[in-house]
Structure formats: structure tokens, C-alpha cells
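Undergrad: Here the protein sequences come in this chain order: P, W and S.
Following this note's numbering, the numbering of the first sequence begins with 14 at its first residue and continues without gaps.
Following this note's numbering, the numbering of the second sequence begins with 2 at its first residue and continues without gaps.
Following this note's numbering, the numbering of the third sequence begins with 22 at its first residue and continues without gaps.
Everything labelled a hint here was simulated from the structure, so no lab data went into it.
Any given hint might turn out to be false.
[Claimed, not checked] Partial chain S-side listing against chain P, Cβ under 7 angstroms, derived:
1. Asp-46
2. Phe-63
3. Gly-87
4. His-93
5. Gly-110
6. Tyr-114
7. Val-115
8. Ile-133
9. Thr-136
10. Cys-149
11. Gly-154
12. Ile-165
[To be verified] Once the Cα atoms are required to be at most 30 angstroms apart in a straight line, the calculated DSSO-like pairs of lysine-lysine come out as:
13. Lys-104(P) / Lys-163(P)
14. Lys-125(W) / Lys-505(P)
15. Lys-36(S) / Lys-270(P)
16. Lys-365(P) / Lys-76(W)
17. Lys-36(S) / Lys-598(P)
18. Lys-407(P) / Lys-130(S)
19. Lys-126(S) / Lys-613(P)
20. Lys-30(W) / Lys-365(P)
21. Lys-438(P) / Lys-5(W)
22. Lys-334(P) / Lys-4(W)
23. Lys-173(S) / Lys-408(P)
24. Lys-203(P) / Lys-125(W)
25. Lys-203(P) / Lys-43(W)
26. Lys-43(W) / Lys-497(P)
27. Lys-613(P) / Lys-127(S)
28. Lys-379(P) / Lys-173(S)
29. Lys-127(S) / Lys-614(P)
Heads up, the beta-carbon is just placed ideally off N, CA and C, and yes, glycines get one too.
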Amino acid sequence: MKKNKSKENFIITLCDGPSCIHNKSKELKRDIEIQLEKKGLSDNGRIILSGCLGMCSKGPILIVNPGYTIYGHVTEKDIPEIVESHLVKGKPVSRLIIDEDHLYNRFFRVFGDVGFFGKQMRITLRNCGIIDPESIDDYISLRGYEAIAKILSDMKPEEVIEEVKRSGLRGRGGAGFPTGMKWEFTANQKSDEKYVICNADEGDPGAFMDRSAIEGDPHTVIEGMIIGGYAVGSAKGIVYIRAEYPLAITRLEKAIKDARDSGFLGENILGSDFSFDIEIRLGAGAFVCGEETALIHSIEGSRGMPRPRPPYPSVNGLFGKPTLINNVETWANVPVIILDSADWFRKVGTEKSKGTKVFALAGKVKNTGLVEVPMGTTLREIIFDIGGGIEKGKKFKAVQTGGPSGGCLPEKYLDTPIDYESLAKAGSIMGSGGMIVIDEDSCMVNIAKFFLEFTQNESCGKCTPCREGTKRMLEILTRITEGKGEQGDIEKLERLGNLIKKASLCGLGQSAPNPVLSTLTNFREEYEEHIKHKKCRAGECRLLLDYVINDKCVGCGACKRICPAGAVSGNPKTPHVIDKSKCIKCGQCYEICKFGAVDKK
Amino acid sequence: MEKKTITIYINDKPYRVEPEQTVMQAADKLGFHIPRLCYHPKLSIEGACRVCIVQVEGLKNYAASCSYPVSDGMKIHTNTQEIRRARRDIVELILDNHPLDCHTCDRDGNCELQRLAYSMGIKKRHFEGEKKSYDKDLSSPSVVRDPDKCILCGRCVRICSEIQKVNALRQAYRGFKTVVMPAYNMPFSESVCTTCGQCINVCPTASFIEKNYTQELFEKLSDKSLIKVAQVAPSVRAAIGEAFGIPPGTAKEKETAAALKRLGFDYVFDTQFSADLTIMEEASEFLDRLQGKGRLPMITSCSSAWMKCMEQFYPDLIENISTCKSPMSMMGAVLKTHFPEKIKAAPEKIFSVAVMCCTAKKYEAQRPELKINGLNGVDLVVTTREAAWMIKSAGIDFLNIKGEEFDHPLGLSSGAGAIFGTTGGVMEAAIRTAYELYTGETLLDIEVNELRGLKGIKEGKIVMDGKEIRVAVAHGLGNACDLLDIARKEPGKYHFIEVMGCPGGCVGGGGQPYADANSIPLDEECLKLRAKALYDLDRNRTIRRSHENPDVQRLYKEFLGRPLSELSHKILHTHYKKKEPKGIIPRGLVRAR
Amino acid sequence: MQTSLENDRMAKLKKYMADVLEKTDRPESYLIAVLHRAQNLFGYLSRDVMDEIALTMNIPTSHIWGVATFYHYFKLKPQGKHSIAICLGTACYVKGAGDILRTIKKELKIGIGETTEDGFFSLHEARCLGACGLAPVVMIDDKIYGELTNQKIIEIINNYRKRDRKSKEG
């Protein structure tokens, strides 16, 4: 039987994202239980494993509610103190609390008071870390499934669509297509069968907000899909999720079962004549399946290869039936819009981009993790105020948004407000929300090559420009980073890039050249240096480095012995020299020298 | 009722067109031929090659005209410098991953990619880099698969799955490493490939070609110790002219006979003769079955691709298949028995060559159960394409050659034998003879129109002495499978079924001349014209019923006795076995629930 | 013993397929789910297993092969005892995952997608394990190791080897 919640005085949330598990968050759960037992508090509260909270660099994270006190870097030794001081005496342990000024406190004070927990709430991730994701009761206690009750009793499907349209919500998966319009297209189709799909095939390298959203609050996504199903006249929902997310899958499975048991899914939901159910389908490791027609083929049991559009899935989708596809983050916004009205939702964000956006902030920035900010926040605010600026006092060089489909923006764009149009204008995209900060130690040619390597590897191979073109671009980039760049390579990259962008079959190909084209625009001089002067200013392209022995050399001979190419010469106890023509740039002399006498330039 | 039209602009000029069609379809009708590669009108839209891109005002990206629908007011540009350059770069990208060995390639001069590259005006190369490198698959007796030449247009995959429904081929792996291959990359010969050769027909390059035996044949033709005998399939004469630039629809019967004699054959016989022989046996077998001796519906057995397909996917219908060998193998059987007797030669000295429209016949010729006294009935099979090449290569002027008759005693044929080469023809021929054998009366209205044409499944009825005989005809293995699914469900629905493995029947065989620069492979008009050539031959014959062929009658008198005699059974009939190559799916077997 | 284990797995797979066929009239759309199940049971997708799926589900083997080779998740060869997945997500890459990968390759003498001669390790690449805060990371089986350096990864690999040797001796 469920515990009687009214007796609960506190809830302790432990993050069980991969970073926190690595830092032993799961072991902490047992330590807390022991301490609670000792103090006789076991029945007064409970411990929740929350799914990734996105504060990865400060893990393990422990949150005590009420009060939303966030503790970071918690160790086994800290537990007795937290229990004694915070839970027994009501005095939070200030030395363990992380930033008063943390991003969550700063940006998410958007909700009103919604009861027990609620001062700090985000939209998409509003419940993450606050509720037990495996408890439907927790979700319900935060007005969960209220939106369902509302639409079933008060709203016609077309009114739901109107509300979503009016909210200004746009697809959070990348392109930013107005969500309400997509719904309307699907609703307008006459068909005996329609499908509603949640795209949880989050495949961007460096993006994990969808996983967090599902791990931390699976019911929100389910509720969003039910609303979508009601609006477009569909009885069948499918969540297409990466097989690489076992925890998210388990939680989702449980949530679906609980929702079914509680009458939110299945036949005649809440006694109405609306029926809807959800099934989970697993991906199998193909980035291109994020593209909606490829995703449909994958659900149909085929190779995830896109097909030409039109016809769009809203007309001809899964099994040839009208199909509505939105991604996790988009679905998670829907219940909020229904409950708190489109008018409220429209207040957040900019003129054309409403609401918030979740980013996975990573790279050379002090605080990494998930960031949910209102649209219109600037890149500078995220990177420097929330992210705490660049690590190790290094200099900011670029920020990459939109993952492999996006672009690299230099310093002059730091004050760009985040919305679909501004990012596109600056030469990048919103994408699904990867945000990688790059400092002066990274070579932009190499970064472009990294992303292209990714898309080239993930190309499905169907259309010529993407299959053959990205391969040729990658060959040219590799050549450049190896010091074999030739005059005309930049022009070839641009020619191919523009062709692939405009001629490819699907979004993957059409955006694959973006990282290269944007670095060619913003960091062209680095390409030119690589090609003309065979220099990599970041020192990342190993084959472009020169290893030189400086005057700190004592002539110990270590480098001479280890050099596999016999490039080092010199008599014992006299300074040695490296013969550049023989050097193969393996870097072993640099590694072995104890005197700092080898420079790489 | 007036048809609704919309206005589109192509290259700034307005045109009224019907809605609900693609840009390519509309442009084709208006005389704009947008370059294309993966598109084929009979197959699903792939949209993969991107050669057919056009610019549409208001669209950020180029649109693939093969799939993009027209809409009112649409402004399309098919030939701007920008789009020309984009297309050229795309074709160049294809070439960059393609062996540049055109002058030693089997499709040199007849390659869609080559033509396309020429029309794009590619003069300089920009992006060369790594090329794929895979082994050729030479395992099949019929089809050679060369992945290096593959440009991944997917036509072979689509024809094999959509039209033939054999599903021998798929794209495997992905991205730059995508390869079209059979399951598990196993040798083609071990796969479910029926050897029909339709992949060869639709392949724009030489990624699929027939197993070529021309050099071996030249070798044998110069061997003085052998008696070289050729037989020519009906549809070879209906299409061979195309290989010499003659428009489709003209039968080159006597010219083919003459050219083969010039090539060095001692005897050139006609497979149409053995088609008549087949009808004698098959019609008799049918009447036997009709009288309760054997299972109905009886299904024809002339098409070798169909035979392999049936053994793999419909083993439960083996008893329904006519035990008659194909006309080619019946001829082969006679060539290694009666014929050497007649010319007083040793059977092993006869070198029997079949000139066929078909790649599957190469496979059939190797089937061990068809051996006659330990000898192959047919020693070697060349396709129409190979024969045409040999004729050219030997310097024989096919265009101006004076026609000659086929040789006796196996060269005379009825009109019924001629129409074997097109879908419905075997059935029509069988009806002409069966009717007379059954009723004792001559069927006067012998052209069975409902069995002609390119409809996938055709049905007909004929009343013999008050008994209604229901027949059905399917061409292409996909249609055949659909028809047999019906026959399986309703066993009493038909009495007699004709199946041909290739679209259009043998005239659309996998060994026929490639489409020329102005046409598409398996073009329906072309198939109809080839069929018409055979129907014309029939109409112009005085003998139009197989049983009236005097040479066939003589063969029975001198050698076989009567249809279905013991000797007939021994040399003209065969048997079939369930086949389970790895990767086989018993298509349509009741699902294991 | 080996065969009875195999039979048991095959029986489980058949049961799974029977359930799928029971609940849907579009069984071919469950191909990927069936392949997942098969890989869970057998560790990889063998030709025999794919043949069995083809026969039971009535799906052409060429199609199954096309699907199995398309998705990176599916393994077509037996896997090593431990799977090492190196994260090559952007955050890890920026923090030097490329170097770590080079070290692992050198240490194990195998490339990505390969298994060591002793069948002990298989090496895979992963795209973001969602532990960007710990970059660069590898995941060995289901355990994450973060903030790696070249020395650290070699130590970790050696620890697995040691443990294995011990368990063999013990």
C-alpha cells in the first residue's frame, strides 16, 4: 500500500543520472536510510531517485524538500550531518549547498504556487527532481493528468488545437515548426486510423535532455501525447525511444502501466468516449531515425531511411496513416499550455519563439549540465552566468549549438538572444539543444571535422549528395588537418557544402555541412593557416606541430632513446636537436622529457 | 465532365496542367525531359539519386521532380546555370565512387550513367577520393553482381521486391558503406535469386550483368570435331533487331537464322518447334488431369525463373506443375537422342546451344535432373544480348543480311509456337490444341483476346463440349505469387494457369537488348511492340495450331509414338523438388502462429 | 550443455515471436523489437537466429539482414566478455576522448567494433552516454568510468584483466 503522504514531512531526492551514479549517489541512499532509521524518521519522509537532474559537474546531487535545498558533492560522511542538522533541527547545511545563484533559482521562478513543493518550477522539466518519477500519485499531486480531465470535460478537439496554436509552441526537435499547425494538419485528415508519435530518439552527440525529461517525469510526456491524441482523433500513441536509454525505458514502461491502471490510458478514458493507448518501440542506434520519415520506417520494421516529402506524415505517415510526430520536449510543454492557458505560456519567451528551451551545456565551461531557459536568453547569459564561464581561465572561442546540424558561433554572437530565428540568422540552429562551449585550445577545423565525421558515419546512404558528398568533404577536412591541404580546398568545401545542403533528401543531409560552413564563415583564417602555413593555432592537429628542443635540455638522452624515427641527435650532456625532416610527430619526446625541454609549436 | 487544370510555370512560361501529378510527370508531357537516374515509372519513388532536382521558387532547397507534386501557380526552373551545376556535381559525385573503366565495361556505349555524364557536360573532376572496392559475385550461373559498379539507385532492389516479390536483394549496411546484396552477403547462387535477370534489365550500369559465355561459344564454334546446333527462342527474334538499332516491333526471324549460320552453327533450329512439341504434351497432360488423373489447376512449367520460385516459395503446389520440360529442354532432349540418330552422329558430338531471351535458362540448362543419358540437353545458353554482340563482333551485317529458313527437321513451327514468347501465349496455344483434342472439333476463333495484353493477372473461360474451363495467366513473379495465393485459397477456381517469370512474358526477359538512349528499361510500349511482332508472326503463318505442325507429327511417328508415351515421359518430362536455400522464406505458407 | 542452453534461448525467442504474432496483424513492424530480444538472449545475431526469425515472422531474410546491418546497435559477431564503449559525444571529444580511444586501441590491439583475440573485450563507440560532466568517459559493461586520462584507462583495463584471472584461479 502507498504510504500516506500527509504524514510526510520531507522528501529527499537523489540524482541517479550516470554522472551521479558514478559518484556513488546510489550508495548514499542506503546511508541516508540508516541515518533516518537511527533518528526514528524513517516513516516521516521518503527518498526518491530522480533521473538525471542535469547538474552533472556537481554530483552527486541531493535535494531536500520542502525548501528545494540543493546539496552538491555529497559524500557518505556528510549524510549524518544533513540528517541531523537539516531534517531534525531544520537547519540546512550551508557548506554543502551549491550556488545560491544557481541556474535553477535564477531562471525558473515562473510558476505560481502550486502547492506542496512548488516555488521552483521549470516548464519542460518542471517536475524533474521534485517528484518520484515512478509514482503516478506524485505526478497527480502536482496537477498531473488534470489537463486530461479538463479537455475531456470542457474542450472540443478543435479548441485544444486552437489553444496549442495560440500558445505559439514550436517543435523542440530542431526545425521549430509551429506545433499547433502540425496538429491541425493531422486533425484535418479523414482516416479510420491515426497515430501519435513521441520522438525520443535523441541522438545528438552531447544532448541528453529528452532522456532526463523521461527519466525524471515520464507522465508529463504521456499526458501530452494523450492530449495530442484527443486533438487529432487518434487512439494509438507510440514512443520511439533509443535502446541506449534503459532507465528511461523502464520508467516509461512503468508510467504507462500506472496510467493505464488509473484510467488515463486505455478504453474510455475517465469515462469519456475517448480511448487512447501508448506503446513503446525501441530504436537501435541510428541518428537518422530522428528524421520523421526515417523514424516511421524504423517503427515499421525497416531500415531507417527517409523518403521524399511531401507527402508529409500528417497526411501519409505510419502504415500510410495520418501521423502526428513531436519530440519529447514538445510533448512535455503541452499539459502546461492546457492547464495554465496559452495566454500564460505566451508570456514566456520572445515574439516568435514562446516558452522555454532546454539545453545540454557541455564542453569547456565550468558548470555543465541541463539548462532550461526562457526563449530570448542570450548565449552569454547561459555560458557565463549559468555556466560560470570558461574553465581554467581560458579564452572563449566559440559556442556550437544544434549539434551536428548546427553551427559554431564566435564571440561577436554571444549577445544573440536564443530563439529559432536569431540563431538561424547567426548561422547556427536551435536544434534539439546541444550547446558545446569551445575555448582557445580547440581547433575549429578539427571541430568541424568531428561533426562531419559524425554525420558522415550516420548518413543512411540513400541519397547521393549526403552519401558521397559528406565523404568527400571529410576527406578534404582530414587532409587539411594533416597538413596536406591544397589551394582550392576551401572553395571545394563550400561548393560541396552548399550542394549537400540544397540537394539532399532529408534534414540530416541538408544540415550536415552546417558545422563546416559556419566555421568557414566565422573562422576562415584558421582554415587558411592550416592550408597555407601548415599551422594549427590551437595545437590540436598533431601532424601540424613542430617539436623543438629548447635550452632547458640537459642532454639526458631520454628523447633520443624513445624516438621511433631516429629524429633526435646529440651527444650526452649537451643539448639535443630534432631533425624536422625525420620527425613523425608522435609526441613521445614531449611526453618523456622531465625538464620541459621539448616544445610543440 | 471537364478536367480541372492548374497553371504552372516552367522556365518562366505558363502551362495548363492537370493537378495531382509530379513535376516530372507534368514536365515530361510538356516536352521537358528532366535528367533522372533512380526513377523508374514501374517502381516506387525512391528520390535517392537527386539527379532530377529542379528549382521551385519559394523553396529553400532543390526539389526532386520525381516526387514533388505540382501546385497552382508553381514556378519551376529546370535549366538554370545553378541547377545545371548542382546536377553536374551530383553526377560527378557518383562518378567519383565508380570505376573509370568504361572502355572495358560490359555496358560501354549502353550505360545510363555514361549518357548522363555526357549530357551533364562533365569535363573536369573535382572531388576524387576513396572508392569502394568489393569482390564480384560470380557464383550464379546466370547473373554476375559487381558492387563496385553500383550507384545505389535501388532499382534492382525495387524490381526484385515490388515487381518480382522475390526479395533476393536489399541494401545492407549504411552510408558510404551501403551495398546491395543478398541476405548475409551469401553467394548469389545460394540465395533465393530466381535468376530471372530483371535486375540486369533495370540496372543503369553494369552492376548486374548476365554471366557471359560468348568467348566460350566462339571457342566451341571453331572446334571442327563438334556438330554445333543452335535453337532460337521465339522472343529473341522479336527483340534482337533493337540491338542493331531497329525500332521495336519488327520480328527478325529469318535474319537471325541466317546470322547464326554465318556465325558457324551447323544447324539452326527453332525453339518454336519444340514449343509446338510442348503443347502436344502439355495439352494432353491437361486433358488427363481434367479427367481426374492428377491435380488441378495445372500450372505451366516453361519459365525457368518461375520453376525456381515455385520450388522455393510454393512447394505445396509442386503436384500442380506440369511435368513438361520447357521448350528449350525438350529441344535439348531431342538433340541428344533422336537427332544424332537421324544424322548418324554420336550424341556427345552434338554441341547444343540455346539462344534465349532469358538469363534463367542458363540456370535451367545446368539442372541435373534434365540430363539425357548423362548428357546435358543444352550445353550452353546465350542471351539475345550476347548473341547480338557475337554477330556484331564476328562482322556479320545483320541489317542487310538475306534471311534464311531454320533447318530441318526441327525448324518448322506453327503460329502457336511463336506466341509462346509473350504472356498468355502458352495458354492460347494450349487452348487451340486442347480444344481439338478434347472435342474433336477445330477451334475457329483462335485469338483469345482476354489473355493478351499487359494486365498483371488475366482470366478467361472456354467451353469444351459444354464443360467450362477456367484459365488464368500471370506474368512477372509478383503477379504469379498473387495469382497462386488466390489458387491456394480457392483450389477449384481455375483449371489451368500459365505463369511467366518476367514482365510481359519472355519478350521482357532478363537477356533482352538494353533500352536505348531514348527509352526506359521494360518500357510497356516496347513490350507491347515485341508481343505484337510475335502475334504478327502467328497471323502470317498458315499453320497456327501446334498439332498441325507436320514436323511435330513426323517426330511422334518416327520417334516418340504419341504424346505422354513412355519415351515422352522419359525424355520430355521432368520432376521438381522443394528447395530450401539458406535465407529462404516460404512465401505465403501459413504463418506459424 | 551448450546446445541445451541454446535451445532454451531459442525457445524463449520463439515464445516472444509467438506473442508478437498473437497481438498484432502487422508483425513485420516488430522486427526491430524481435532482433533486440534475440540479441539480448544470444548476445549477437547469428545467421541461424535470423533464419528462424524469417521463417516464423514470414519476413524475407534479405530484409532482416538489411535491417540488422543498418542499425549500429545490432551485433553480427559474438561479443567479448566485457564491452567497452567509449563515448565520442561532443563533450567527451572536446575533452580528449580521441586520445583515450587511441590508447585503448593500442592497449587492446583492436579497433572499434572488434573483439580481442582472447575474447575478453569488445570495443564500441558511443555517442553521448549522458555523463558529460565526467568527460571523457567510457562505459564498461554497465559501469561508467569518468574523468579519464591515458594512464587511468590502462589501469582500469588491467583491473578487469586481474579480476578475471583471479576468478579463473579461484
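Undergrad: Are any of the numbered hints broken by this structure? If so, which, sorted upward?
TA: 1, 2, 8, 9, 13, 17, 18, 20, 21, 24 and 26
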